Amino acid sequence: MSDLLWLIPLLPLAGFATNALFRLPKGAAGMAGCAGPAAAFALSVGAWREAPVSQPVFDWFTAGPLSVSFALRADELSSVMLLVVTGVGTLIHVYSIGYMRDDEGFSRYFAYLNLFMFSMLVLVLGDSIVLMFLGWEGVGLCSYLLIGFWYKDLRNADAGKKAFITNRVGDLGFLLGIFCVWQVFGTLDFSRMDPARAGTALEPHALAAAAGLLLFVGACGKSAQIPLHVWLPDAMAGPTPVSALIHAATMVTAGVYMMARMHFLYAAVPGVLELVGAVAVATALLSAVIACAQNDIKKVLAYSTVSQLGFMFAGVAASDGAAGIFHVVTHAFFKALLFLGAGAVIHALGGEQDIRKMGGLGRRLPLVFGVFAAGALALAGAPLTAGFFSKDLILQALLARGWHGSFWLMLAAAALTAFYTTRLVVRVFLGKEEHEHHVHAPGLLLSVPLCILAALSLAGGALLEHPVEGYLARVLGEGPRGGPGTVGTAVSLSTLAFGLGATLAGLLFHVEKGWLRSWLGTPLGRGLARLAERKFWVDEVYEVLVIAPVRMGATAAWFVVDRVIVDFVLIGAAGRISYAAGWVLRLPHTGTVNMALVSFLVGALAILVMLIVRLNA
Amino acid sequence: MTVRDYLVLSAAMFAIGAYGVLGRRNLLILLMSVELMLNGVNIALLAFARVHAATGEHAHVLVLVAMGVAAAEVAVGLAIVIAVFRNRKTVDTGRLGSLRG
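If you read the protein sequences in the order shown, they are chains F and A. Under the working numbering, the first residue of the first sequence carries the number 1, and numbering increases by one thereafter. Under the working numbering, the first residue of the second sequence carries the number 1001, and numbering increases by one thereafter.
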């Protein structure tokens, strides 16, 4: 297996090359697009069974003491990510064939998607933080390309740019973090960095803390944590399977993966994890509030993703990684399922995304309703579903750490999760039909991935919790253990939170209880609703604080440098001087034949006079 | 007639030609004036040849060559004048100002 590792990223790259270079008919293009990820999945299973395996492919570059080799490594942590990326990725590729069937950019779509898979697999498999950065930038590029996939609509192109530019902020942090890591460890290879494996202890000092913080800034950008979360909801402008693959299941979890990868760094420096936890809790809670008031089905899911990413970071911060990574796994199942289900709904309604114009779809689309409900239960944390187990691990870890404030806030976020999820299901699938769309049911290519993901969302938690936890512990070590009451407290309280949120939403939106409705009509209720609906005005604040000053600076620079210095002083003066010289030189050139003859004669006479003077001298 | 008389004639022809070249605005007259100047010079040449007869016939040959070249020059000049007239419908140098800078 260890000599086949390089094939895992290479196969999707081959798919990218095929679809980018040749104009295949749609069937062949779809097959070529799916073959790479599917084969990569098969190889990933092999890698997972034999983990840890590593393979140095070639030496990338050497500069002084720095030598970066293109080495791949599948240990317990990366092979779990590998299975999620290739497995969920393959399902989404299959789904995409059905979803994008009528799109004229079909081959381009699969080319981008395969390029994304390649970059993501390099990110996951790279044994060096530089390789991870390479993949990190690659997935960012593909994200940009796919958000703006329908680039003819300017709003989509703008959303792509917003994602790209916001990610640049985070990526600068990541890059600076890499420099600090080099200073701290003297190496950029993960396998040589880990003090547990290298047999050295990492001293906590300022540079290590800076490295941890800067890497977290990078993770904030890629994984949409406050204050860099603004791009992810806009990223929903891309095709829905892209939202499922990149902006829910895989790419946005790269930050969580990176922090888990560097868990030994975070374990060594005090204080940084507390900050990570605080940011994560704030993100989870605030975006859950926002998700309650959104009316676009994909925006609800997008804010939900931001919120769940907050859960993951909280898990990473509290448990040295394992709980966060397990939530990455289950979240990949149910959020991909929810997005694909939303895609099926949007597809069935011919492009409608506003949940106020949906309703009663449960009877028309029973299969979609079923799988969507499965995903919604898992997201809401209904007992025994996948989301329940992973969310519970995070809550337990928070308790075990003794972060009680965070624990209660996350519990509130969990209740809100149940609330907005229930609201979404009720608005879309239950109640009266408030649309005159011609509803058409999804085909086989859409249904099969949905059913597989639904099964994983329901059963994946119970089946995978102990294997994955034990498996990850081999790399990440055992997380903090709580007292005897921890498990019981977390389980019962999270069940309570789920029940509370779901019941409240059911009463409010399905049964439509009068007293709850009337509370929404009070000034306080209206204010809260407006705050959530306007997303806490974060975009507007950025508009004033960041974008407007930059734009003013740019305008000033344009006027002073371009208009005044270049156009007027440099180009203008050069032009004016030559013009004046030309005007002077033009004066004798009257064009009159007689004048020319006169000057000719004068010249001839002058030569004659000169000759005579010479001869007489 | 002495050499001096020939030289006066030659200078007069040259001056009349120069005046014609500088003062008149008709291309044809300009051309004729150039001929006048040329022939004034030819007369001067022959007069000097007479004075210095011992030097042989070099001056005569030179004058004949000058006349031959002048004939060719007039042929080319007239062709240019005709071409100018066809294009511009005029031979007045005052109205041929397209070379003005």
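Please keep in mind that the hints were generated in silico from the structure rather than gathered at the bench. Worth double-checking, as some hints may not be accurate.
Example chain A residues on the side facing chain F (calculated, C-beta under 7 Å, incomplete) [stated by the list, open to error]:
(1) V1021
(2) L1022
(3) K1089
(4) V1091
(5) T1093
(6) G1097
Residues of chain A clear of chain F, computed beta-carbon distances all greater than 12 Å [claimed, not checked]:
(7) L1027
(8) E1057
(9) V1063
(10) A1079
(11) G1094
(12) S1098
Please read all numbers here as calculations on a predicted model, not as lab measurements. Here a beta-carbon is modelled for each residue, glycine too, at the ideal position from N, C-alpha and C.
_Interface-negative label, A/G1094 against chain F, beta-carbon threshold 12 Å_ = For A/G1094, whose nearest Cβ neighbour in chain F is about 7 Å away, the distance does not exceed 12 Å, so it is violated.
*Close enough to count: is the Cβ of A/G1097 nearer than 7 Å to one in chain F?*
Given a least distance of 4 Å, the restraint on A/G1097 holds.
*Can we keep the A/T1093 interface hint, with Cβ of chain F closer than 7 Å?*
holds (4 Å)
*Does A/L1027 sit more than 12 Å from chain F, CB to CB?*
violated (8 Å)
*Status of A/V1063, Cβ more than 12 Å from any chain F Cβ*: holds (20 Å)
*asked:* Restraint: A/K1089 near chain F, CB-CB cut 7 Å. Satisfied or not?
replied: Not OK, violated: A/K1089 not within 7 Å of chain F, min 16 Å.
*Using 7 Å as the Cβ threshold, decide whether A/V1091 counts as touching chain F.*
violated (10 Å)
*Quick one: work out the minimum CB distance from A/A1079 to chain F and report holds if it exceeds 12 Å, violated otherwise.*
Non-interface label stands for A/A1079: nearest chain F Cβ at 17 Å, farther than 12 Å.
*When the least beta-carbon distance from A/V1021 to chain F is tested against 7 Å, hint result*: Result: holds, 6 Å to nearest chain F Cβ.
*Closest CB-CB distance from A/S1098 to chain F, is it above 12 Å?*
violated (6 Å)
*Does A/L1022 meet its interface restraint, that is, does its C-beta lie within less than 7 Å of any C-beta in chain F?*
Nearest chain F Cβ about 6 Å off; hint holds.
*Would you assess whether A/E1057, listed as outside the interface, keeps its beta-carbon beyond 12 Å of every beta-carbon in chain F?*
holds (26 Å)
Figure legend: structure checked against the earlier numbered hints; hints not met, in rising order: 3, 4, 7, 11, 12.
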